[in-house]
Amino acid sequence: MRTPEAVPTAAPAASPQPRATLPLFTANDLLWLVYFYPVCWLAKILPRSLLYAIGKLVDPIVQFHLHDRKEKVVPWIAEACGVTAGRAREIARRSLTNNLFGTLDDLLLLRPSPETMLCCQGVEGRHHLESAIARGKGVILLVGHFFASRITLRYLAKIGYGTLSVRNCQPSNAAEGRLGRRFVRARRSEVQQRVLPDHVFIQDSECTLKIMRRLRAGGLAVIQMDGRAGTNPLEYSFLRKRRHLASGIFEIVRLSDCAVLPMLCLGRGDGFRIRFEPALEIVPSTSREAFVCANLPQFAAVLERHIIANPEEWRLWNPYLAWRV
Amino acid sequence: MEPLPGMAGVGSRETLDRIRRVFIESLHLNLNAEDLAYSDKLDEVAALDSVAVLEFVAALEKEFEITLEPEMLTLEVVRDLQHLAAYIDERSAQRPPPPENQA
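Those protein sequences? They're chains A and B, same order as listed. Numbering of the first sequence is given in my numbering, commencing with residue 1 and proceeding in unit increments. Numbering of the second sequence is given in my numbering, commencing with residue 1 and proceeding in unit increments.
Treat each hint with caution, since some may be false.
To spell it out: a stretch of chain A is covered by chain B in this simulated footprint if at least three of its residues, at any positions, have a beta carbon under 8 angstroms from a beta carbon of chain B; those stretches are [what the hints assert, rightly or not]:
no.: 1; segment: 70-84
no.: 2; segment: 303-310
A few chain A residues facing chain B, derived, Cβ under 8 angstroms [to be verified]:
no.: 3; residue: 125
no.: 4; residue: 127
no.: 5; residue: 130
no.: 6; residue: 216
no.: 7; residue: 217
If you are wondering where the hints come from, they were derived from the structure by calculation, not from laboratory data. The beta-carbon is built from N, C-alpha and C at its ideal position, and this holds for glycine as well.
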């Protein structure tokens, strides 16, 4: 079977803005610095309710600051979700609010025992996870960039399902100034590693080998293929837009014969829920290209279904809207 | 050269040649096997991204009908032709003989 839509493309060239053309600092840099230092210190001592109260106070400022970017993303949300512009605008607003609370949850994860603060309201379909693990070839959790994914992974580790997460240590940040490049990047990388200690970066030359090691030991790994990163991105129509999707997941699944289990996680630290769905029926193939063509549509369809049903929980409507760690 | 964990020696010439061939074929490199010296580090001969390494490992396992142990799935092991050959020889020797020989 051939799906002409999936086109392997060259990796998007990394073209960071030359240092000389960057402003000394941007509003984005200042927000990050406030987040990474005073807010981060406060998060160590404040109760969650107070931290969230600060989030509520800051929300209107963030909404105002990113107003133009919200407007830019409205047409895409409306088209992808089949909703009116007014509803799409509301989704963009709520997505930004959720993003803010997601970043506060990240700070809570920096505490010594954050798992005790995570209020999981339910894990649905756990038997699907157990069945997939019982195959003995490892499990890849297929999940989109939802705000609750990090707290979910920490919670899963707490209840005995330690999961290797695959992350990008250099997320794009077009709103970065020289100050941000000098101070924020390093701090962000440090925080990233503490938020999800069990991780591997896609920039690591042993990334796929580390994932394979975990799978061969019968363990779990999570790959968010709706991200743009990857050495061999696939151009594919995703949410009615041509996007570059990560391709490494397909090669890992093909060569490891692991189970692929869709997972949906929604909510925030004070109340989130997790749902595991039945493992996908993987179409086997000996060739890399044929495997991608046969399986990419179902992988993407799962994520699209999750996102369209919960659009305000998805992080990537606009990379500039996503104010993230 | 310091032996890598779990390995000693440099492997047989036949294994070295087969690894060279697998490396070139699995990664579709425009090289002859002779272009690769036994002492070469594979990631210095060709640009190996993370997925390419995995392709190479999978091709090796198919060629030699072995499964690399999880602790051997490191770039340090995979890039070193001689140690890789030694490890594969060792693993192949541990493999049970085919059923007709067992009778």
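We went through each hint and held it up to the structure:
1. 70-84: violated (count 0)
2. 303-310: violated (count 0)
3. 125: With a minimum Cβ separation of about 28 angstroms from chain B (threshold 8 angstroms), the hint on residue 125 of chain A is violated.
4. 127: Cβ of residue 127 of chain A sits 27 angstroms from chain B, so the hint is violated.
5. 130: 22 angstroms, violated
6. 216: 5 angstroms, holds
7. 217: Holds - the Cβ of residue 217 of chain A comes within 8 angstroms of chain B, reaching about 6 angstroms at its closest.
In this structure, the earlier hints numbered 1, 2, 3, 4 and 5 are contradicted, and the remaining ones agree with it.
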